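Number of protein chains: 2
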Amino acid sequence: MSSSFLRRDPVSGRWVIIAAERGRRPSDFTFERQTATTMEAEECPFCEGRESQTPPELFADRVDGGAPNSPGWRVRVVPNKYPALELSTVGTPVRSADTDFFQSMPGIGSHEVIIETPDHHRTLTEMSDEEIVRVLNVCRERMRTLREDPRIRYAIVFKNHGAQAGATREHGHAQLIALPIVPDFVREEVDGARAYFAGTNRCVFCDVLREERAAKDRVILEHGQVVAIAPYASRSPFETWLVPKHHGAAFEDAPAPVVADMAGALKAVLERINRALHTPPYNLIVHTAPFGGGDAESFHWHVELMPRLSRTAGFEWGTGFYINPTAPEDAARILREV
Amino acid sequence: MSSSFLRRDPVSGRWVIIAAERGRRPSDFTFERQTATTMEAEECPFCEGRESQTPPELFADRVDGGAPNSPGWRVRVVPNKYPALELSTVGTPVRSADTDFFQSMPGIGSHEVIIETPDHHRTLTEMSDEEIVRVLNVCRERMRTLREDPRIRYAIVFKNHGAQAGATREHGHAQLIALPIVPDFVREEVDGARAYFAGTNRCVFCDVLREERAAKDRVILEHGQVVAIAPYASRSPFETWLVPKHHGAAFEDAPAPVVADMAGALKAVLERINRALHTPPYNLIVHTAPFGGGDAESFHWHVELMPRLSRTAGFEWGTGFYINPTAPEDAARILREV
Numbered sequence: 009m010s011s012s013f014l015r016r017d018p019v020s021g022r023w024v025i026i027a028a029e030r031g032r033r034p035s036d037f038t039f040e041r042q043t044a045t046t047m048e049a050e051e052c053p054f055c056e057g058r059e060s061q062t063p064p065e066l067f068a069d070r071v072d073g074g075a076p077n078s079p080g081w082r083v084r085v086v087p088n089k090y091p092a093l094e095l096s097t098v099g100t101p102v103r104s105a106d107t108d109f110f111q112s113m114p115g116i117g118s119h120e121v122i123i124e125t126p127d128h129h130r131t132l133t134e135m136s137d138e139e140i141v142r143v144l145n146v147c148r149e150r151m152r153t154l155r156e157d158p159r160i161r162y163a164i165v166f167k168n169h170g171a172q173a174g175a176t177r178e179h180g181h182a183q184l185i186a187l188p189i190v191p192d193f194v195r196e197e198v199d200g201a202r203a204y205f206a207g208t209n210r211c212v213f214c215d216v217l218r219e220e221r222a223a224k225d226r227v228i229l230e231h232g233q234v235v236a237i238a239p240y241a242s243r244s245p246f247e248t249w250l251v252p253k254h255h256g257a258a259f260e261d262a263p264a265p266v267v268a269d270m271a272g273a274l275k276a277v278l279e280r281i282n283r284a285l286h287t288p289p290y291n292l293i294v295h296t297a298p299f300g301g302g303d304a305e306s307f308h309w310h311v312e313l314m315p316r317l318s319r320t321a322g323f324e325w326g327t328g329f330y331i332n333p334t335a336p337e338d339a340a341r342i343l344r345e346v
Numbered sequence: 009m010s011s012s013f014l015r016r017d018p019v020s021g022r023w024v025i026i027a028a029e030r031g032r033r034p035s036d037f038t039f040e041r042q043t044a045t046t047m048e049a050e051e052c053p054f055c056e057g058r059e060s061q062t063p064p065e066l067f068a069d070r071v072d073g074g075a076p077n078s079p080g081w082r083v084r085v086v087p088n089k090y091p092a093l094e095l096s097t098v099g100t101p102v103r104s105a106d107t108d109f110f111q112s113m114p115g116i117g118s119h120e121v122i123i124e125t126p127d128h129h130r131t132l133t134e135m136s137d138e139e140i141v142r143v144l145n146v147c148r149e150r151m152r153t154l155r156e157d158p159r160i161r162y163a164i165v166f167k168n169h170g171a172q173a174g175a176t177r178e179h180g181h182a183q184l185i186a187l188p189i190v191p192d193f194v195r196e197e198v199d200g201a202r203a204y205f206a207g208t209n210r211c212v213f214c215d216v217l218r219e220e221r222a223a224k225d226r227v228i229l230e231h232g233q234v235v236a237i238a239p240y241a242s243r244s245p246f247e248t249w250l251v252p253k254h255h256g257a258a259f260e261d262a263p264a265p266v267v268a269d270m271a272g273a274l275k276a277v278l279e280r281i282n283r284a285l286h287t288p289p290y291n292l293i294v295h296t297a298p299f300g301g302g303d304a305e306s307f308h309w310h311v312e313l314m315p316r317l318s319r320t321a322g323f324e325w326g327t328g329f330y331i332n333p334t335a336p337e338d339a340a341r342i343l344r345e346v
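Top line first, the protein sequences correspond to chains S and X. If you're matching positions, the first sequence starts at 9 in my numbering and goes up one per residue. If you're matching positions, the second sequence starts at 9 in my numbering and goes up one per residue.
This is chain S alone, in the form it adopts within the complex:
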C-alpha cells in the first residue's frame, strides 16, 4: 500500500502530492545539490541488458516480440522506482477528511518512466523522426490504457532534459503521471478554453493559431500539420508551444500523420534552440484534454517546451507571476534566423 496522499491546502484549495514513501532525510538533499545526474553509462539501469535493474516493465515496443524485461526493445516503460502515486493504492479517490478541517485523498495514480532508446547517449535531436514517433506512440498507448481506469482523471507526459531542468538520470527518458484530479494549470487552460467556447462557439487554440499565423512575428516554424510559436504571454525566454493546425482535444487520439509532424516539429525546434542557446537544459510537457470527453470541442492538445535559461526565483514561486526578460517576438525571430 502506498504511503502517498493528495492533500488540499485549506486556504487556496491547491492540491499537492505528499509522497512520503520517497521519504528523504536532510542528508539526501545535501547530496542532491552536489550531484544531480547520478547515473553514468557504466551503471545505468535504463540501458539495454540491465532490464532486471528496473521494476518489471509495464509496456515495451519490441520489433520482434521477445520476452518482457529482456533486451530487444526500442522504447520501454517501467514504473518509477520512487512513485509519487500508485494504482495499487487502496481506497477511492474521494475526498476524505484527515480532520474536520483538513482534506486529503489516497495517492491513486501511476508514475511511469518512458525510456526513449536503448542507447545511453542518444538524445532527441539525434533520433530520427521515426524514432521520436515511436516514443510518442508508446506514451499514447499508456494513456489509452490508463484512461480505462475510472479513478484516473488526467495523465500528463513530460520530460526533464539536463540536470538543471530536474533530470536525475542522463539516459534519455520521459515520464508519465496519471492523476485522480486535473492539475491546476491544466484546469486553468481547460476552464479558459471552455469559457471562450461558450462565448464564441470557437476553440481558443484554433483562434490563437489563426492570429499568430496572420501576424507572423511570433511564429518560429511550420512543419506540416504543426505550428511552433513563441506564445504572446510567454512565461520565460524562448518558451515554445507546438500546436497541431487541425482541431483535436486528445494527444492520445491524434491521427498518425499529425503525430509524425509533431515529432518532426519538435526535433526542428530543439535543433534551433540548441544552436541559438548552446544546448540548454529544457522541460517539455504535453497538454491533453481531461479524460472523459467533455472537452472535445473546446480543448486542443499541444506541447509546451521551456528552455531552462534562468532559475525560477522567489517572486515567481510566491506569486505564480512570471517576469520574462525576452519578448516572444525577439525569441521567435532569433529561432527563425539561427
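Please keep in mind that the hints were generated in silico from the structure rather than gathered at the bench. Owing to the predicted nature of the structure, the values given are computational and were not obtained by experimental measurement. Some hints here could point you the wrong way.
Just some of the chain X residues that point at chain S, by a computed CB distance under 10 Å [what the hints assert, rightly or not]:
id : residue
1  : Ile25
2  : Cys52
3  : Leu95
4  : Ala203
5  : Asp215
6  : Pro239
C-beta: ideal position from N, C-alpha, C; glycine also.
Given the coordinates of chain S, work out where chain X should sit on it, guided by the hints.
Just chain X, lined up with the frame of chain S:
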C-alpha cells in the same frame, strides 16, 4: 518610458510581465548559467561607500540623518537597475488590446531592492532581531508609500538567498515589486479566504493556526506572537509559514510588537533550517492583503519560506502541482529536534 508590458494569455487568463528592457541576448543566458553570483565584495555596488554605483536611493534608514546616496545608512532602498516595472511608465493600468484578440497593459509599478545591511558578508541569521526589524520596517514604509498610488493594487516583498534560489548578488538584499494587478497565487489565497469567511464568518488562517496548535505535529516553534508551521499541504520539503497569532490583514499595518516577534521567529526558523539542512539557499515571501482594504476581515498576512533543496522540474512547472517527498510532519519534527 518603460518598454515593459503586462500581457494576458488568451487561453488561461494568466498575466505575465514582458520586461524587454531587460532585453537579453542568447549569450547572456549562457553566462548566467555559468556564474549566478556575479558580484564579489571588491566591486559590490550594495556596499557602504559605493552609493553612487546604484540608481539614486528611494529611501534609507539613517541613524544620524545624513545626505541621500552617501554613507551612514543602516538599510537602503534603490530601484532595481533592470526594473520589471516602473512608476514613470506612461499610460493607465487599463487593459488595452494589442489586437482584438490579445490583451496587454503598460508595465506600471515599481521594482526595488532593499539592501539589508551596509556589510557585504552579513546574513539574516547573523543580524540581531533589532536589525531584522529595521529591514522589515523599511519594507513596510515603502509599501505604505506605494499604496498611495491609485494605480498600484499590490506589493510583494521577497528575498532570494543563494545563487540556487535565484540571487544574482551575494550582498544581503530583499526585493519589492509593486503591481497594477493582484498576482495569481495571492489571488487564489485571497479568494479562498473570502469564500471561507463568507461561509463561516471566520478567518481561515486563524482557523489553520487553531487546528495546528491543537494538533501540534506540524508546529515548528512559537515565538511570542508568531507561530511557525510546516503547512498541511506543503509544496516542497521544509516549506515553512510564519503566521501572527492575532488577526491582521496587512503586513504594512502590523503592530510593532508583532513585527518584532516576526523578526525573532524568522531568525529562529532560519537557524534551525541552517543546522538541519546545511545552510541551504532559500526563497522567502511576504503575503499581505491587496491594497484597498476589502480583505481586512478575511485575509491574514504571513511569511512563506521555502528552502531550495531540489529543483522544480517539468511536472511542477507544467501543472502547478507539487510532489513533495517529505511529509510536513517529518519536516516539523526534524526542525523542532535539531
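Is the interface hint for Ile25/X satisfied, with its Cβ closer than 10 Å to some Cβ of chain S? holds, 5 Å
Hint check, Ala203/X versus chain S [nearest Cβ-Cβ separation less than 10 Å]: Constraint on Ala203/X satisfied, holds at 9 Å.
Hint check, Pro239/X versus chain S [nearest Cβ-Cβ separation less than 10 Å]: holds, 7 Å
Holds or violated: is the Cβ of Cys52/X closer than 10 Å to a Cβ in chain S? With a minimum Cβ separation of about 19 Å from chain S (threshold 10 Å), the hint on Cys52/X is violated.
Double-check Leu95/X for me: the hint is only fine if its C-beta lies closer than 10 Å to a C-beta in chain S. violated, 17 Å
Minimum Cβ distance from Asp215/X to chain S below 10 Å? holds, 7 Å
The structure fails hints 2, 3 (numbered hints given earlier, in ascending order).
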